[in-house]
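Trainee: Here is how the chains run, residue by residue.
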Amino acid sequence: MKKNKMIERTIHGIFLILGLLTVGCVLLITVYLVISGIPAITEIRLFDFLFGTKWASTAAQPSYGILPFILTSVYGTAGAILIGVPIGFFAAVYLSKLANPKVKTIMEEAVSLLAGIPSVVYGLVGMLVLVPAVREIFDIPDGASLFSAIIVLAIMILPSIIKVSMTALEAVPKEYEDASLALGATPVETYFKVSVPAAKSGIAAAVVLGVGRAIGEAMAVMMVSGNVPNMPSLFQSVRFLTTAVASEMSYSSGLQQQALFSIALVLFLFIMLINATLNFFLKKEKD
Amino acid sequence: MSDIMTAKNLNLWYGETHALKNVNITIPEKSITAFIGPSGCGKSTFLKTLNRMNDLIPSVKITGEVCYNGQNIYDNSVDVNELRREIGMVFQKPNPFPMSIYDNIAYGPRTHGIKSKVKLDEIVEQSLRDAAIWDEVKDRLKKNALGMSGGQQQRLCIARALAVKPKILLMDEPTSALDPISTSRIEELAIELKKCYTIVIVTHNMQQAVRISDNTAFFLLGELIEYGETEKLFSQPTDKRTEDYITGRFG
Ligand SMILES: Nc1ncnc2c1ncn2[C@@H]1O[C@H](COP(=O)(O)OP(=O)(O)OP(=O)(O)O)[C@@H](O)[C@H]1O
Ligand SMILES: [Mg+2]
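If you read the protein sequences in the order shown, they are chains A and B. Under our numbering, think of the first position of the first sequence as 8, with each following residue one higher. Under our numbering, think of the first position of the second sequence as 220, with each following residue one higher.
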């Protein structure tokens, strides 16, 4: 008896330590980002940093305004959501409610595969196929643009939107759907008027998860967006918050490097906000 | 009393399982017909053939006919949604939608194209009154239906079914999840409703069948063993198996 209790306690202890390790990592990153992100912000001044429209970190008279990055990230994410959510949502409804089992299996497999493709591959295909196509179709000098990035991001967030929405839709009790059908509603009416509303917090969570994916993506967007710190415009080269950090970090120093940490901090705050929203929806889904 | 539904040589298979064997039955209009029988004998299955809810199960195969107003409901020309509007259903477990009480009742009429607020208000009130629950909920129509008690939820489901003005109401053990008081309210309600509707009810409670039904059908292993006036079936059953069942010797 006593021995069992000992083992029980030891195992409990090990799990606790492993759990704390994760929490520790998060704390460490947070503290590190805050400490290393604050100095540049105080030096540049918060307002000029966040709302300055010019980023020229290597100029003789350096300027550290990150509004172009913030807006590019916001627009890029919004665009990806605007395109990706309707497609993902309808795909999820189709797969969870309408598709015959064979089609469903194949398509689910495809969606999982899409989720597993590394982002550099998305970037590569985007660079070689999408960017030239955008240049041709819209007749612009360079296809590497916010538009191309939006398309790539929209495709990249599809798997999470489809999967999370599907889980929510499939969790809708069949009794609700039966009740609707028994009242003479058609299956499609039933799915959109009963199943979707019943799964709405889960679908909202899927959207927020998509936002998180899109705003945090670096590699693929760097490869298709041209990576120039312009104020965002749909058919111009742009730079995102993520790519701003990634593209200059390797050769930066001094205030420039500190400013990059500050950008990372801003990005981190965005992600925290998104996570809080996500948790809110997930919690609502549970109730 | 005229007949509203007739099943002729009805057989149903779930894959390989022969769940209904050559069922023949005639259900009179504006009366209560009870289905009794031991668990797994096919009562729910048969009930669901009456408004084609079995269509939703892919493995189901049906032969024979079910005629409603002289028309075989399994005919290709039949509009299933229209059929289900006329033959409503109340389920064993109360299953209100996770919406307000008002929206639950208005769901059916809205689906069938009624948009006028005045009209909907009227239908909601009338349906709730007919289901004997209006007084309990009239002050909280905008509240979520899931916050009601089980008995109230079931009466709400009955009201929801009535809101599309069906001709027949199929009820599958509507009181099995309810306390005795809620049960007797639903029984009173059923008796009240048969003035205007035809009711078919599955029940495990034989006293309930005796209390409320005009005719009773006894099922066993997918077969309809005996069918007739409730009073007669329970006092002088003609089949030995019916007698054994109603006297509690098996089941
Ligand atoms: N969806 C299904 N798939 C396969 N077999 C089924 C299905 N539904 C019911 N059956 C089978 O059909 C038979 C009749 O079931 P049914 O649910 O009609 O019985 P019941 O008389 O309503 O029983 P209970 O009183 O327990 O509700 C049972 O043998 C059951 O296992
Ligand atoms: Mg049953």
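It should be emphasised that the hints constitute simulated quantities derived from the structure, not laboratory data. Among the hints, a few may not be true.
Capping the alpha-carbon separation at 16 Å, the derived lysine to aspartate or glutamate pairs in EDC-like fashion look like this [unchecked claim]:
1) 312(B) / 182(A)
2) 240(B) / 284(B)
3) 249(B) / 448(B)
4) 312(B) / 185(A)
5) 104(A) / 196(A)
6) 312(B) / 448(B)
7) 181(A) / 301(B)
8) 384(B) / 284(B)
9) 386(B) / 448(B)
Trainee: Does the structure keep residue 312(B) and residue 185(A) at a Cα separation of 16 Å or less?
Mentor: Answer holds: residue 312(B) to residue 185(A) is near 12 Å, not above 16 Å.
Trainee: Under the criterion that the straight-line Cα-Cα distance not exceed 16 Å, is the pair residue 312(B), residue 182(A) satisfied?
Mentor: holds, 8 Å
Trainee: Regarding the pair residue 181(A) and residue 301(B), is the alpha-carbon distance no greater than 16 Å?
Mentor: violated, 21 Å
Trainee: Is it true that the CA of residue 312(B) sits at most 16 Å from the CA of residue 448(B)?
Mentor: Violated - the C-alpha atoms of residue 448(B) and residue 312(B) are around 28 Å apart, more than 16 Å.
Trainee: Taking 16 Å as the top limit, are the C-alpha atoms of residue 386(B) and residue 448(B) close enough?
Mentor: Violated: residue 386(B) and residue 448(B) sit about 22 Å apart, past 16 Å.
Trainee: Next pair to validate is residue 384(B) with residue 284(B); report whether the Cα-Cα distance is within 16 Å.
Mentor: This hinted pair is violated, its Cα atoms lying about 25 Å apart.
Trainee: Taking 16 Å as the top limit, are the C-alpha atoms of residue 249(B) and residue 448(B) close enough?
Mentor: holds, 14 Å
Trainee: Please verify whether residue 240(B) and residue 284(B) have alpha carbons no more than 16 Å apart.
Mentor: Judged against 16 Å, a Cα distance of about 13 Å means the pair holds.
Trainee: Is the hinted pair residue 104(A) and residue 196(A) satisfied, with a Cα-Cα distance of at most 16 Å?
Mentor: holds, 12 Å
Hints 6, 7, 8 and 9, counting from the list given before, are not met by this structure.
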